[in-house]
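Colleague: Spelled out from the first residue to the last, the chains are:
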Amino acid sequence: MWQAIAALFGAGVTVLACYAAGALLIDQLCVALRRDERIPLAFVLGAACLHLVIFAILALHIAYWPVLVALLAGTMAAAIATGAWRGVRTESAKPVPPLSKTLQLIFGLCVGAFGIFYLVHAWAPETSPDGPAYHLGFVARELRVHGFEPIANLYAMLSAGVEMLYVPAFAIGRHSAAALVHFAFTIALALAMLAYGRRIGKPWAGAAGAILTFASPVVGIAGSSAYVDVATAAIVFAVFYWTEIWDGHKDEHKDGHKDERRGLRLLIPVGLLAGYAFAAKYTAFPIAIYAFGFVAWRAKRIRPLLLMAGCALIMAGPWVTRNWIWYQNPFAPFGNGLFRNPYVHVLFEQDYSEWLRSYGLPSLRPLPLEVTINGSTGGIIGPVFLLLPLALLALRYQAGRRLLLAGALVFSTYFANIGTRFLIPCLPFFSLSLGLALGESAPLLAGLMLLHAVVSWPPVIKRYSQSWRLERFTYRAALRITPQDEFLRANNSGYSIARMIEAKVPAGEPVLAIGGIPDSYTTHEILVSYHSAGNETLTDTINMGWSDGFQPSVARIFQFPERKARRMRVLQTAQARHREQWSVHELRFYDRGQELPRRLEWRIQAWPNPWEVQLAFDNSLATRWRSQEVAAPGMYLDVDFGREESVDEVRLITSSDIIRTRQQLESMNAAGGWEKVADNPRQVSQPVPPDIRRMATYEMHARGVHYLLIHDSDFGAEDFAGDPEAWGLNEIGRGYGARLYQTIWK
Amino acid sequence: MVWLHTRWAIVAGMKRWTVLGACVVALAGMLTSSACQNMPGPFAPPVQRQPLADFRPYRISGIVNMSDADAQTRFVQDITGLQAATWRWTGKRPTVRVMTRSTENLKYTIDFAIVEATLATTGPVTVTFLVNDRVLDRARYTHAGSQHFEKPIPAGWVTAGEDVTVGAEVDKLWVPADNSPKLGMILVRMGLTQ
Chain A
-11 MWQAIAALFG
-1 AGVTVLACYA
9 AGALLIDQLC
19 VALRRDERIP
29 LAFVLGAACL
39 HLVIFAILAL
49 HIAYWPVLVA
59 LLAGTMAAAI
69 ATGAWRGVRT
79 ESAKPVPPLS
89 KTLQLIFGLC
99 VGAFGIFYLV
109 HAWAPETSPD
119 GPAYHLGFVA
129 RELRVHGFEP
139 IANLYAMLSA
149 GVEMLYVPAF
159 AIGRHSAAAL
169 VHFAFTIALA
179 LAMLAYGRRI
189 GKPWAGAAGA
199 ILTFASPVVG
209 IAGSSAYVDV
219 ATAAIVFAVF
229 YWTEIWDGHK
239 DEHKDGHKDE
249 RRGLRLLIPV
259 GLLAGYAFAA
269 KYTAFPIAIY
279 AFGFVAWRAK
289 RIRPLLLMAG
299 CALIMAGPWV
309 TRNWIWYQNP
319 FAPFGNGLFR
329 NPYVHVLFEQ
339 DYSEWLRSYG
349 LPSLRPLPLE
359 VTINGSTGGI
369 IGPVFLLLPL
379 ALLALRYQAG
389 RRLLLAGALV
399 FSTYFANIGT
409 RFLIPCLPFF
419 SLSLGLALGE
429 SAPLLAGLML
439 LHAVVSWPPV
449 IKRYSQSWRL
459 ERFTYRAALR
469 ITPQDEFLRA
479 NNSGYSIARM
489 IEAKVPAGEP
499 VLAIGGIPDS
509 YTTHEILVSY
519 HSAGNETLTD
529 TINMGWSDGF
539 QPSVARIFQF
549 PERKARRMRV
559 LQTAQARHRE
569 QWSVHELRFY
579 DRGQELPRRL
589 EWRIQAWPNP
599 WEVQLAFDNS
609 LATRWRSQEV
619 AAPGMYLDVD
629 FGREESVDEV
639 RLITSSDIIR
649 TRQQLESMNA
659 AGGWEKVADN
669 PRQVSQPVPP
679 DIRRMATYEM
689 HARGVHYLLI
699 HDSDFGAEDF
709 AGDPEAWGLN
719 EIGRGYGARL
729 YQTIWK
Chain B
28 MVWLHTRWAI
38 VAGMKRWTVL
48 GACVVALAGM
58 LTSSACQNMP
68 GPFAPPVQRQ
78 PLADFRPYRI
88 SGIVNMSDAD
98 AQTRFVQDIT
108 GLQAATWRWT
118 GKRPTVRVMT
128 RSTENLKYTI
138 DFAIVEATLA
148 TTGPVTVTFL
158 VNDRVLDRAR
168 YTHAGSQHFE
178 KPIPAGWVTA
188 GEDVTVGAEV
198 DKLWVPADNS
208 PKLGMILVRM
218 GLTQ
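Protein chains in written order, with our numbering: chain A, -11 to 734; chain B, 28 to 221.
Just so you know, the hints here were simulated from the structure itself, not pulled from any lab data. Source: prediction; values computed, not measured. In this text, a Cβ means the ideal position worked out from N, Cα and C, and glycines have one as well. Any given hint could turn out to be false.
[Unchecked claim] Here are some of the chain A residues that sit facing chain B, going by a computed Cβ distance under 10 Å:
no., residue
1, Glu137
2, Ala140
3, Gln316
4, Arg328
5, Gly348
6, Ser351
7, Pro356
8, Gln386
9, Ser644
10, Asp679
11, Glu713
[Said to hold, decoys possible] Beta-carbon label-pair distances, calculated as ranges:
no., chain 1, residue 1, chain 2, residue 2, range
12, A, Asn657, B, Gly48, 41 to 49 Å
13, A, Gly325, B, Gly108, 21 to 29 Å
14, B, Glu131, A, Arg551, 58 to 66 Å
15, A, Gly622, B, Gly108, 37 to 45 Å
16, B, Thr186, A, Ser535, 45 to 53 Å
17, A, Gly622, B, Phe82, 37 to 45 Å
18, B, Thr186, A, Ile720, 20 to 28 Å
19, B, Gly108, A, Leu352, 48 to 56 Å
20, A, Leu344, B, Pro67, 24 to 32 Å
21, B, Val51, A, Trp343, 31 to 39 Å
22, A, Gly660, B, Asp205, 50 to 58 Å
23, A, Ser351, B, Thr220, 26 to 34 Å
24, B, Thr220, A, Arg554, 45 to 53 Å
Using the sequences plus the hints, can you model the full thing?
Modeller: What follows is the structure, given as structure tokens:
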């Protein structure tokens, strides 16, 4: 039970501190807000501010429990002491018509019923796929080392603006506390949307929009897990909301220097939140374009834009700078073709992006049905959203035009990742537009809300969709009547694997895994095959043990009259097809049948992927240099012998999966130019070393990785299981659909 | 004067926008140029890996690739020496011995090729697929080219942890002109998969 209380307490104090920070800033800015809009807006604004402080705490490596508690308590105390908590100085006196009884009933019923379901799910032990994996995996790790660490993992490179809030929550209440913080964003979003409807004088449309978003199945499951999507939607919507507040203030106070200054102040939250949207999720950045464009259009001056840009930079800048310093790429893990680095391979990024753009769907035509009903893209937004084209009717209102423009901009990044979750940030805009489209027709909007609520109710969804969704009302797990460990073992096989690793692997030892597991349930670093360039290369080596196509079974031999050369290179001259890269296990130079010894004076380089060139010169046939880009003319492997050497033969040892590549051998002449020595190398078969499996695992061992996790469903799993000893492995654990191996070497 | 003031305001405004644009371009330039600075210099050769002293050949495998260096240790009969990187000629009934730790979802698997020149002499051939000398299936091939066959093995045919013979029998063989041994098919891989 104490786990349940700790989770609630951790989330509670984090959420209240966010609200307090936002209330303090709003108080300083003297922004008059109604109570119903101040609560959600202050919470989101405060989250932005608090994230920055936590970023600083982690950067300074002082993320100790007392520091975090002092931060939360201090923020709340300051807000209470100054009166900002209650908004004494900033309470808007502007009258707003109260909600009708019917609307109160429908809205209260929907939000209440779904809210309790979500609350219980968030409070229960975290079983989502990504939450305990990378969202909380890095949070747990940062808390263990009390600060940031440069982690070669593509998920660690993403901005983590919302995860920063999970740090204090997790420190107090572990996983469920983080999920509950996200749930608070889900509630805040619904409240903000309702408040917006009231602000524009259309409470029914606001309520309908809020319910359409809040009850959406994917919002329910993501918004009650330790994800960041609904929080991002709340931040994005808050940016829009603040631009509307600024615009409203501007119209009310067209004259007067003092009011102009106050208007400028209103742009501070806009800028901060626009930057925070980027910090929360890269794909949310278009809301900054909307905000800047809107303010530029309405203000027609630069000063407001500069102020906003400065504020946005405060929020987004630390993440960009961190990536620039640590990963040599400000936008890591994207843009690796431009900002080349040793952490993410260019071809991986292309392949992964391609998959995210399709999710394996043969075409995007079925996408509307997939995201609304079937859910093969990971969850559904609900069948009612098939009515979305009707939202265009909202264009008859100014508010509708603005909502649709902002929504369209936020939606513009969706096709980079067509997962249903990636629709969540634009959902508030489209939901409100749909509400507006039906005008203020209370019966129509009430019907729409109730219909959506019924078809989105978790037990109803399973009648028409097998998508990722909330399934059960897990109150026993939430209250820990069902023990946490028991619940997690029954609902997340990855949890059991994580605990097996925790029990079998000595502290501090990393584990290489082909597939991911929920990292945050183990203290070990899990090196998942595709999470970084280094892991990918190590996995390629391991796969070489069982996959014929990867093995060094081919030699390409250049033979030519003996010549003196100080520097030679093998140049790739053909354009391969998509995904086929150039790879070289070993590059050897010979003179009269004797291999030239690789002296320390040699200097070797490659283009592209220069960081891994040594893999072609390490005398191991279980490793290979790969271009990590589609093989193209101009790629090369270059050797400077450090002195003139006699050479009459060059051998490239490669694999049979390299087909459409052509190479020529070149030598550097006295003038520093390259001249062709030979082309069309003779291709011959070459026997694969019988101990290639053990050579592969030895390479892993030599790099300090002594443990290997193979899921039974992984490619090659049966080969490992068939004869671990031949692999140089001992099986030290088995179960839950996976086997855990340890290398035999000490 | 009013006209002049208005025009100046527009120009001044434009200047500000130009300055802002120039700042953005300069920032983008800085970013892009920094991208070119990431390349490492040349490396020295790394420590040379020495052969492993404690080699132990792979014993248990469900599938035998003809390119495997230790493939010959699994041959039972009718498979010739290595012809290329990945295939071998067979006789009438190529057979390999494999072992598997589990009998769940086992499938007989073979990749082979019928050569046009032999097919022209023999005509269509029938291949019988065998597991522990029991006939799993038969297939008739009328065209030359690469072939893949796989079929689940009925329960009880194979025992986990014991040797299993996996074979294929060609009904008609090709006799080379120089009276060298009769040839059946080109074999790439054969065995059991899960």
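Colleague: If you test the structure against every hint from before, which numbers come out violated?
Modeller: 1, 2, 5, 6, 7, 8, 13 and 16
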